[in-house]
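**Q** Order-wise, the sequence lines are chains A and B. Counted from 1, the first sequence has number 184 at position 184 by the UniProt record's numbering; the numbering is strictly sequential. Counted from 1, the second sequence has number 150 at position 150 by the UniProt record's numbering; the numbering is strictly sequential.
Since the hints were made in silico from the structure, they are not lab data. Do not take every clue at face value.
Calculated lysine-lysine pairs in the DSSO-like style (CA-CA distance at most 27 Å, straight line) [claimed, not checked]: (1) A:K113 with A:K54; (2) A:K169 with A:K117; (3) A:K219 with B:K196; (4) A:K166 with B:K99; (5) B:K115 with B:K99; (6) A:K169 with B:K149; (7) A:K219 with B:K186; (8) B:K99 with B:K166; (9) A:K99 with A:K113; (10) B:K115 with B:K281; (11) A:K219 with A:K67; (12) B:K149 with B:K166.
As the structure is a prediction and not an experimental result, all values here were calculated from the model.
What follows is the residue order along each chain.
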Amino acid sequence: AASMELPPSQYPAARAAALATGYLCYRRGGPGLGLALRHVRRARRQDIDDVGHKYHLELVLEDVLDKDSTVNCTAEVLYHLGNKHIAPDVQFTIEGELKNTDEADNTFYNRIKSLDKELVAENIPDSHGNVSPEMEPIHLLAWVASGYVIWQNSTENTKFQLACIKHVKQVKRSDEYLEFDYTILLHEMVSQEIIPWQMTVLWHPQHGVQVTQDSRQLKPTWE
Amino acid sequence: LQLDFWLAPRGVGYPVDVRVPFPSLQPLKAHLEANGISYSIMIEDVQALVDDEQMEMLRERRWLPLSTNTFNYATYHSLDEIYAFMDLLVAENSQLVSKIEIGRSTENRPIYVLKFSKGGRNRPAIWIDTGIHSREWVTQASGVWFAKKIVQDHENDEGLASILDKMDIFLEIVTNPDGFAFTQTKNRMWRKTRSKHSSSVCVGVDPNRNWDAGFGGSGASGNPCSETYHGPYANSEPEVKAIVDFVKSHGNIKAFVSIHSYSQLLLYPYGYTTTPVPDQKEL
């Protein structure tokens with residue numbers, strides 16, 4: 001199968017890199033750690049007959065809370081051929097260790113568990129771009145969970161990013177998990193659309209982040 | 001001494017108020033002290049008060065910043081506040097800065113461009129615009145900051161000074177005022193203009209797809225409901241036509257820079273093709 005080097009800063013590599021970052025963040029992130037793409041070091045594309053297009057990427061990621069903290073990784077993204085949309089296959093390897101968030105995770109977990117009333121919040125970040133320190137873990141949890149939605153819905157012609165949390169509501173559970181019902185806005189770079197998306201997110205310090213249900217929402221008429 | 005009595009002498013034992021021109025300050029103090037006459041200062045600098053009052057009278061609302069030095073560059077502002085900032089900047093630096101109205105938006109808002117010039121006639125010029133996509137708030141805020149920086153640094157920054165010696169700078173801070181007003185009142189995510197062309201229920205044209213360069217090609221949409229709707233025809237949007245008319249009639253624009261958020265990308269011509277332009281390496 002033919003393979004060609006791609007300019008790392010141009011959009012085909014950038015789209016695959018955004019997807020890989022979203023997936024990776026979903027697998028490894030949490031309320032104490034969000035990862036974002038810093039830049040693409042190298043990109044190659046392989047066209048595999050009857051299968052699809054496979055991107056080989058060398059990425060530099062940064063910690064959303066501490067931009068100076070970076071980590072290198074390699075990733076492979078396979079976009080499948082065909083009309084039926086199947087989520088791309090993603091594999092990755094991170095060089096070195098990600099920061100340990102046990103303490104922050106437990107603090108957040110206990111804080112939410114001990115609330116009398118379920119947490120409810122809106123517009124994170126606010127329209128001026130600010131996130132309060134108390135809301136940062138809620139924001140990061142959405143960032144990480146949106147990685148799942150981005151992974152499941154991306155194609156070679158889309159590039160998604162979390163724009164903001166419109167609304168979040170905690171759902172009390174009898175088991176040890178924390179559950180949040182989010183309505184987020186996703187920004188799609190190619191069409192420039194802002195798409196509302198609902199997602200149900202489960203989290204536990206030892207069990208990571210899970211999106212158990214998600215659905216694209218109809219845009220309300222703004223006028 | 002040119003003393004100006006605001007409370008004239010009435011008789012022995014009664015106080016007088018006198019405005020003292022600066023050069024007469026020391027001689028007067030010496031005279032008073034030599035004659036054992038006590039005095040106190042009621043107003044340190046009368047001119048400052050006069051200036052303030054002038055500023056106040058130029059505005060309707062009393063809570064706007066009094067100068068571009070007290071303007072808060074670290075927060076987002078409303079359209080009125082940005083337009084007031086422009087007037088302040090021009091008033092404070094009338095030698096360097098002037099304001100031009102280049103047209104009106106769909107909703108009849110004035111569209112303003114600031115001109116930075118050290119003189120000459122129709123000098124070659126650089127164009128910068130911010131806020132063409134109204135939701136990209138950091139760009140209008142940056143435009144306000146650029147304006148202030150040019151004024152602050154136009155003499156002490158070598159690069160900027162040498163540019164302004166030979167060239168003018170045109171800066172359009174709120175390129176899409178209708179969209180900007182809409183983001184402040186109704187929908188923070190609004191990107192397009194606020195025009196209605198077709199029978200579609202959807203409003204607005206993406207002004208950055210409305211230019212007459214590869215119009216209607218890939219990267220734009222023919223659907224009025226799309227965020228990248230190119231409009232019924234090139235330059236259909238008054239916001240875009242105003243710029244086109246200005247640039248064409250000026251005839252000497254050498255560089256044209258448009259600021260957007262977000263992406264951390266530097267893009268250069270042309271957006272509708274992957275074929276590089278002849279001077280791509282230089283760009």
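**Q** Compare the structure with each hint and give your call.
**A** Outcome of the hint check:
no. : hint               : result
1   : A:K113 with A:K54  : violated, 43 Å
2   : A:K169 with A:K117 : holds, 11 Å
3   : A:K219 with B:K196 : holds, 19 Å
4   : A:K166 with B:K99  : violated, 39 Å
5   : B:K115 with B:K99  : holds, 6 Å
6   : A:K169 with B:K149 : violated, 44 Å
7   : A:K219 with B:K186 : holds, 14 Å
8   : B:K99 with B:K166  : holds, 20 Å
9   : A:K99 with A:K113  : holds, 24 Å
10  : B:K115 with B:K281 : violated, 30 Å
11  : A:K219 with A:K67  : violated, 33 Å
12  : B:K149 with B:K166 : holds, 18 Å
Hints 1, 4, 6, 10 and 11 from the earlier list are contradicted by this structure; the remaining hints agree with it.
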